[in-house]
Amino acid sequence: MDRPGIGPFGDSALLLTFGDEIDEKVSRRVRAAARALGRLGDDQAGIGAPVAAYASILLPFDPLATSPEAAARLALKALATAPADDTEPEAATIEIPTRYGGEDGPDLLEVAEAHGLTVPQAIECHGGATYTVAFLGFMPGFPYLIGGPAELDHPRRPTPRTRVAAGSVAIAGTQGTIYPFASPGGWNLVGRTDVRPWDAQRDPPALFASGARVRFVPAPDR
Amino acid sequence: MTAGALEVLEPGLLTTVQDTGRVGWEHLGVPHAGACDRWGVAVANALLDNPAEVAALEMTLLGPTLRARGSCAIALGGADLGAEVVRTGVRLAPGTTHMLRDGDVLRFPGGARGMRGYLALPGGIDVPPVLGSRSTYLAARLGGFDGRALEAGDVLAAATATGDEIGTRVWPDRPSLEPDGDPVLRVVDGPDAADLPDVLDALLGATWVIDEGSDRTGVRLRAGDGGAIPDVGQLVSRPVTFGAIQVPPSGAPIILGADHQTVGGYAVPAVVITADLPVLAQLRPGATVRFARMSMADAIAALRDRSESFRRAAELARGERLWHDLWLNTAG
Numbered sequence: 001m002d003r004p005g006i007g008p009f010g011d012s013a014l015l016l017t018f019g020d021e022i023d024e025k026v027s028r029r030v031r032a033a034a035r036a037l038g039r040l041g042d043d044q045a046g047i048g049a050p051v052a053a054y055a056s057i058l059l060p061f062d063p064l065a066t067s068p069e070a071a072a073r074l075a076l077k078a079l080a081t082a083p084a085d086d087t088e089p090e091a092a093t094i095e096i097p098t099r100y101g102g103e104d105g106p107d108l109l110e111v112a113e114a115h116g117l118t119v120p121q122a123i124e125c126h127g128g129a130t131y132t133v134a135f136l137g138f139m140p141g142f143p144y145l146i147g148g149p150a151e152l153d154h155p156r157r158p159t160p161r162t163r164v165a166a167g168s169v170a171i172a173g174t175q176g177t178i179y180p181f182a183s184p185g186g187w188n189l190v191g192r193t194d195v196r197p198w199d200a201q202r203d204p205p206a207l208f209a210s211g212a213r214v215r216f217v218p219a220p221d222r
Numbered sequence: 001m002t003a004g005a006l007e008v009l010e011p012g013l014l015t016t017v018q019d020t021g022r023v024g025w026e027h028l029g030v031p032h033a034g035a036c037d038r039w040g041v042a043v044a045n046a047l048l049d050n051p052a053e054v055a056a057l058e059m060t061l062l063g064p065t066l067r068a069r070g071s072c073a074i075a076l077g078g079a080d081l082g083a084e085v086v087r088t089g090v091r092l093a094p095g096t097t098h099m100l101r102d103g104d105v106l107r108f109p110g111g112a113r114g115m116r117g118y119l120a121l122p123g124g125i126d127v128p129p130v131l132g133s134r135s136t137y138l139a140a141r142l143g144g145f146d147g148r149a150l151e152a153g154d155v156l157a158a159a160t161a162t163g164d165e166i167g168t169r170v171w172p173d174r175p176s177l178e179p180d181g182d183p184v185l186r187v188v189d190g191p192d193a194a195d196l197p198d199v200l201d202a203l204l205g206a207t208w209v210i211d212e213g214s215d216r217t218g219v220r221l222r223a224g225d226g227g228a229i230p231d232v233g234q235l236v237s238r239p240v241t242f243g244a245i246q247v248p249p250s251g252a253p254i255i256l257g258a259d260h261q262t263v264g265g266y267a268v269p270a271v272v273i274t275a276d277l278p279v280l281a282q283l284r285p286g287a288t289v290r291f292a293r294m295s296m297a298d299a300i301a302a303l304r305d306r307s308e309s310f311r312r313a314a315e316l317a318r319g320e321r322l323w324h325d326l327w328l329n330t331a332g
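Chains A and B, in that order, are what the protein sequence lines are.
The first sequence: position 68 = 68 (our numbering), numbered continuously.
The second sequence: position 229 = 229 (our numbering), numbered continuously.
This is chain A alone, in the form it adopts within the complex:
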């Protein structure tokens, strides 16, 4: 595997950088690297669990148990011996029944019109895409989905909403997500689902794992 950029993030973590954009190839590399780095903490004192995003990984360490230099050497060695390409098991595609538009997806009409589509065409575009879970972040179980349709490549809202309902299905650029909790949010809301990305009583509590495939399927209104 190519050597990533590596440097400190504060005095207790390293940041490994694999690129500077949202890209499926980079994301696959990041996911493979995160798995390799995740095995480090099992037998190396002072190395924490890696946290991945689109194109970078944070590797926490205990500066009183190891040094930034030693942690970086260990990380690079773990990556050098990791498989060159992603070996993540081909996960089953998770289908998300989605009620599109109206109160459930207040931004759908605006997004469709901005891209010269009718609402049914926009729904067909969104439902026709197979997304990949790049990583989880922002809040428990929140999936950052990549691989959305180019026809609906729409920027975040200029002013975030102060409250987005739990289960909201949303897009930003070609990214997608499902809000696990009611929260503030700046993504465009196109629909809503009863699927819960996070349930503390479930084991594991997160519905999605990075690398999983996700499709949205139109569901009848309630």
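I should point out that these hints are in silico values taken from the structure, not numbers from a laboratory.
The structure displayed is predicted, hence computed values, not measured ones.
Take these hints with a grain of salt, some might be off.
Residues on chain B that point at chain A, a partial pick, calculated with CB under 7 Å [what the hints assert, rightly or not]: (1) HIS27; (2) LEU28; (3) GLY29; (4) PRO191; (5) SER237; (6) THR262.
Label-pair distances were calculated between CB atoms; the ranges are [stated by the list, open to error]: (7) A:ASP203 / B:ARG148: 16 to 26 Å; (8) B:ARG318 / A:PRO155: 56 to 66 Å; (9) A:ARG215 / B:GLU308: 53 to 63 Å; (10) A:THR66 / B:ASP305: 13 to 23 Å; (11) B:ASP173 / A:ALA182: 35 to 45 Å; (12) A:ALA182 / B:ALA152: 22 to 32 Å.
We put the CB at the ideal spot given by N, CA and C, even for glycine.
Following the hints, complete the assembly by docking chain B onto the known chain A.
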């Protein structure tokens, strides 16, 4: 002997159950949470010989009013929130232990300095762990006491019974690292320092004011004198840490707190050193703060010093207690 408990009569401004945080779940988007002031909570727990990882109460500016059910030992750490036993009028200072009697009412009407106080119970506060931690993460209602801040009527039980062996103990070092004079937080270069030297210079060159919008997710700053940071736009979201100083397009920096989100999309010119996070946790809205840049080696040396100070103080506290008990036995 049964374990003592505290009943919440008034919850205070924001009182939550916190421990050292939820480690190893950030890859699922679960914030670390935990006590904002790791020094303050550790002082309270150490005074009761509690393991470091057990949960205590984090109280914010105006603390709760609590009534003891059964006799119950407590220990205080962090800022002085004016703790007082109503029956006796006895003032309790942070960095001390105290034995509450059944029915005693303890209140925290607020103090002159600092932001967060901690109250420990023997064996910790008995709430179920969620994902390996008893910390409350408010935004997702996760962990702690039903995932929320305390309310009147809640009852907090100690995990273990209080024996007669808890005498008066005094923490021989500072119970809180709140600054004596003008606060200066020490920082190391962040991941964007080299690419954005102007932003780092602007951050280091100004005096900042702690904004009222600050909370457990982050300390928001507004410009004091000379504070203006150029707009550098946004980055592709990446993982972030407690103490990272993010600069959003508005130019008003945010220092990420214990409840920070796992990822962020803003430039990070500097990161507060781990040794100074307990100082950050005690800064009140309206206070000013400056930043001082240091090397990575010095940052780690500062953390080692803190850790060593804590260890020495904990040993002394234990030794003084032995001496105290011995004296009581002899005198008795």
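To see whether the hints hold, each was checked on the structure:
Contact between HIS27 (chain B) and chain A, as hinted, is supported at the beta carbon level, the nearest pair being about 5 Å apart and thus within 7 Å. Because the closest C-beta pair between LEU28 (chain B) and chain A is about 4 Å apart, less than 7 Å, the hint holds. At a threshold of 7 Å, the smallest CB-CB gap from GLY29 (chain B) to chain A is about 4 Å, leaving the interface hint in force. At its closest, the beta carbon of PRO191 (chain B) sits 5 Å from a beta carbon of chain A; the interface hint therefore holds under the 7 Å criterion.
Taking 7 Å as the C-beta cut-off, the interface hint given for SER237 (chain B) holds, the closest approach to chain A being about 5 Å. At about 5 Å, the closest approach between the beta carbon of THR262 (chain B) and any beta carbon in chain A falls short of 7 Å, and the interface hint on this residue holds. Take ASP203 (chain A) and ARG148 (chain B): their Cβ atoms lie about 23 Å apart, and the range 16 to 26 Å holds. Our hint of 56 to 66 Å for ARG318 (chain B) and PRO155 (chain A) holds, since their Cβ atoms are close to 59 Å apart.
For the pair ARG215 (chain A) and GLU308 (chain B), the beta carbons lie near 55 Å from each other, so the given range of 53 to 63 Å is met. Distance hint for THR66 (chain A) and ASP305 (chain B): a CB-CB separation of about 18 Å, consistent with the stated range 13 to 23 Å. At roughly 43 Å, the beta carbons of ASP173 (chain B) and ALA182 (chain A) sit within the given window of 35 to 45 Å. The given range of 22 to 32 Å is respected by ALA182 (chain A) and ALA152 (chain B), whose C-beta atoms sit roughly 25 Å from each other.
Every hint from the earlier list agrees with this structure, and none is contradicted.
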